[in-house]
Amino acid sequence: MHDAFGRKESEGQDSPSSKAAGLPLPSPSRWVRVQSSAYDLMTTYGLAAILVLLFVVFSLTMPDTFPTRFNIESLISEQAVTALLALAVMLPMSVGQFDLSVGYFVGLAHILTLGLQVQFALPWPLACAAVILSGVLLGILNGWLVTRVGIDSFIATLGTGTFVYGVASWYTGGKQILGNLNNGFYGINTMIGTVVPSPALCVVVVAILLWILLEYRPLGRFFYAIGANPRAAELVGISPRRYIPWTFVGSGVITALAGIFLASELRVGQTSVGPDYLLPAFTGALLGATAIRPGRVNVWGTVIAVMLLAVIVSGLEQTGAEFFVAPLFNGLMLVTAVGLSISMARRRAKIAAAANLAAGSDAR
Amino acid sequence: MSMQDGQPARLHLEGISKSFGGIHALEGVGFTVGAGAVHALLGENGAGKSTLVKILTGVHAPDSGVVLLDGMPCHFRSPMEARRAGVVAVYQDPKVFPHLDVAENIFMGIHPTSRLGTVDRHRMYRRARELLAGLGVELDPASLVAGLSIGEIQFVEFARAMTEGMARLLILDEPTASLTPAETGRLFAVVRRLRARGCSVIFISHRIEELSGLVDTVTVLRDGRHVATLPAAGLAEAEVVRLMVGREAGAPINRARVVGKERLRVERLGLAGRFDDISFAVRAGEIVGLAGLVGAGRSEIAQTIFGVSRPSAGHVFVNGQPVHVRRPRQMLALGVAYVPEDRDQEGLITPLSITHNLVLPIQRRLARAGILRPRFERQLAQSVTTDLQIRSAGVDQPVASLSGGNRQKVVLGKWLGTMPSVLILDEPTHGIDVGAKAQVHDIIERLAGEGMAILMISSDLPELLRLADRILVVADGRMIREFARSDATQEAIMQAATTPRRRAAE
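Protein chains in written order, with the working numbering: chain A, 1 to 364; chain B, 1 to 506.
With the rest of the complex left out, here is chain A (with noise of 0.2 Å):
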């Protein structure tokens, strides 16, 4: 989990690998490779196949309220925004930082997407660009309090996030923003081609972009040496100083995406809104760091545990759960989740090191 936490995975194994150096073996072990291989597979999909199978457990066992067009796509739409605000957090976190502004300026952002068009009346589009541009702002300002003044990112975004929350609160004086809005605002949340919602086609447009910026582009690769180790980055001249602000600024701009959608979506701007989606979102970032690229925050593996985690509570919710179920699931699975990664951590670790004290006594 060194992307998350800035530790770094390797602690405490170097006995094993210090031994590979010189040991004689007994017999090359394939069998170290075929663990590995399978464990690989298995950290790899396992959380993928947790969903299906929880899918078909729900279906079956509710089969006429669960598996309906009904649910799904509430659930889909619903979750569009937790989709979008776990991969705004994931961002920051593959450079080992933490956004915890996310939660508050979520709340923000929808708040001036609706008063923008109610008390300004500007044209929804403009009021659009202009809440992109305050997170382009914000993640500025993020950015430079972290990498300039060298404010450690959880203190810097709580602050910017509570200030956040403060400017919203004031902003609509503790009231609800309601007011006629234009149908092309609606329209932005619909469905497409009768099936998919439209704030989930943003989420897959968002998720194949960084996927393809983090997995294929080499501001990737930058990002996770960066998370994993600053110091070493810094001298094969990759510079965090440099690199770090535009996981800020990425966030800000995805997080006003989300703020957008929100806003489309419940049609009230409402200052409490936001911070409940905070934990939710990390918890998906973090449980996803366990799948797809164990090890290290991505983009596939957080929008699956999304998905996990929100058909694990509409599950648990249809099956007659109070309202404080989801709360008290979400918690328990971030912990979770984090332990999860530390122990595949040291489990990879100690497989690798296996795998090459094997490697070194067939080389001899």
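Please note that a few of the clues may not be correct.
[What the hints assert, rightly or not] Straight-line distance between alpha carbons at most 25 Å, and here's what the computed PhoX-like set of lysine-lysine pairs gives:
#1 B:LYS54 x B:LYS95
#2 B:LYS95 x A:LYS350
#3 A:LYS350 x B:LYS54
To be clear, the hints were calculated from the coordinates, so they are not data collected in a lab.
Bear in mind that the values here come from a model prediction, so they are computed numbers and not experimental data.
For this one, chain A is given, so just place chain B on it according to the hints.
Just chain B now, with coordinates in the frame of chain A:
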């Protein structure tokens, strides 16, 4: 059963075997350590030294074999039990409580208490003073451990080992690895004092050359087996290396390098409070050594040249052009690369794979139309690992899973791809075993042979003498002397490096 003058030996090992998951770490190891003897335990990484230490101190139980301490068989189940019996190990990086003082560290967990059960501070400090004096160490029991050098912290551990009375067997696991020559001298004095008082010492080290004059007997382990136990007197270093490695070491160095144009020049470079008035030049194909004590300012000079710190005075020229560099990135763009001393903290991104580490500096260049080519990268990494003999299960393995020597080869391999014109190496073979060290030397030689200008910081004098064309000596942040290879000797360099410390006098 070995006896000395009718007395049983202090430590007698017979047929000690230990395996972990089918892998033999030790197989039938046996040797004898006399009472009041200093016994060197040598071997490459993975030879089984650490496992043996862990068996002696009760961390592991042997699968088979006998351990006799003063003739009595013993089976320690924990380091605490071993300590009570007078067997204590001190490691190269002792785990201490830096925010507490010396006396509190010595007595941590075994504080002398008053009748009320509170810590008897008066007695604690008095006992601490006695223990330190007994070791011949000048250390104030009330000074904070955070301010001590690693050598002094080891002395705190020594004192801690003596709280139950004189230890019977003290095991020092690579105690000199992070010590300055002066501290090493102090350590040896303490070890001699312990020996004189009847304590047996097992001394584990990589630096074979430093052991002459201190050690009575040498035991060499290789691949978990006992190779030889020999009297140290008259034992040649090359012979020890041969026993450790199992082959002749020290292949002749290719001296036929063509020295070309000046690549790096430093004029009157200074960094306030660290170093001052440093001037030198390195030419293509040349290896220039930078010698000096730890803390003399060598790493600071290297890092300032590389743009990690901004100089307060002087100029740096790359290929004859003056440069004003504020970031390592700019220096890299000019073709200057730096390999830091601490490979895990600064040189590598250990959770990332071997491939990703190797291609990181040339990531952009390897991409086509901005898209990475993982397969091509892997092929490239494959050829580098084969070329540099990096042992791993595959190039997708995380670097964290490699041994120290292989990690250092990955660090160096990174720069094979970029071929910088200047390469600055900071302690390139620190803490890696003899076999890997020779390979790293070969790589450095080869890079110079291909026309790289190399500036190499090293505390390992034989290494400098072997590789460097010229050796610059730094003491207290000032350039003291420059040696040509022909007139450099270990003694002359040491003497220059230990020129009386101005700062200490101030």
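Quick rundown of the hints versus the structure:
no.	hint	result
1	B:LYS54 x B:LYS95	holds (16 Å)
2	B:LYS95 x A:LYS350	holds (24 Å)
3	A:LYS350 x B:LYS54	holds (20 Å)
When held up to the earlier numbered hints, the structure conflicts with none and fits them all.
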